[in-house]
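Asks: Full structure from sequences and hints, please.
Take the working numbering: the last position of the sequence shown gets the number 260, and nothing is skipped along the way.
Treat each hint with caution, since some may be false.
Stated by the list, open to error - Pairs of lysine-lysine residues, derived as BS3-like cross-links and limited to a Cα-Cα distance of at most 25 angstroms, are as follows:
{"id": "1", "residue 1": "K136", "residue 2": "K159"}
{"id": "2", "residue 1": "K157", "residue 2": "K136"}
{"id": "3", "residue 1": "K69", "residue 2": "K157"}
Because the hints were derived from the structure by calculation, they are not lab data.
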Amino acid sequence: MNTLIVERNASTGVALVTLNRPAVLNAFNTEMWQELWSLLRELAFDTSLRCVVFQGAGERAFSAGGDLKERNGMTDAQWAAQHQLIEDVLLAIRDFPRPVIAALQGIAHGGGLELALMCDFIIADTSADLALPESKRGFLPGGGGMQNLVRAIGVRKTKQMLYSGARLNAQTAFDWGIFNELTPAGQHLARAMEIAQDIARAAPQAVRSAKLTLQHGADTDFRTGYALDLAHHNLLVRSPDRLEGIRAFNEKREPQWTQQ
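Replies: Shown next, in the form of structure tokens:
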């Protein structure tokens, strides 16, 4: 791959995906979106995979968003074709069957922030610099950023970011609830990988079910969400892994999961 670095750890089941265009602050060009689409489809069917972590190459950026040099002069048809690919990739991250973590440092603007927001959660360091600057370019975010932000930080704070395209520093982003954790500079990836390895030790089927119920339940009323919780709970209670989990706890050993 020309724009991504993919490192898979067979012993932990964690895949680290690096957005690798540091000379342009890891801006997304069409090739990167195409490579992400192919990679996500491949990883989705890897039964040994337990968690995916995204990071940006270099120290300056997670991603500065869309490559505006490539987009300069695009026809409406070319823009629409590229954007359909972008939508497919970002929804594939949101709906990925296993947890996805963004390890974020430096600039995360436009599509860079939107990709991070499509992940299950974000671990960032103190260099993080966020913005959805599209209003300054004459259009609106088209990668789910508005909907993800309003669910994370509420309508008023989202309006503040969107109307002006203003930049948000790391501490404010953490205080507002965009990040799960804020680490000292340079420690975001180590912490994200530590969490990924904790996830990898949990029962794979239980983690997948938790992601499904939380993802869909959060968009419904309480009783509908609770019905989803109970449906998955009752399925898992009857699984071999539930018996193994309790047996391993009582025998003071690590469980050996069989359900993927």
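Asks: Which numbered hints does this structure break?
Replies: Going through the list in order, the structure violates hint 3 alone and respects the others.
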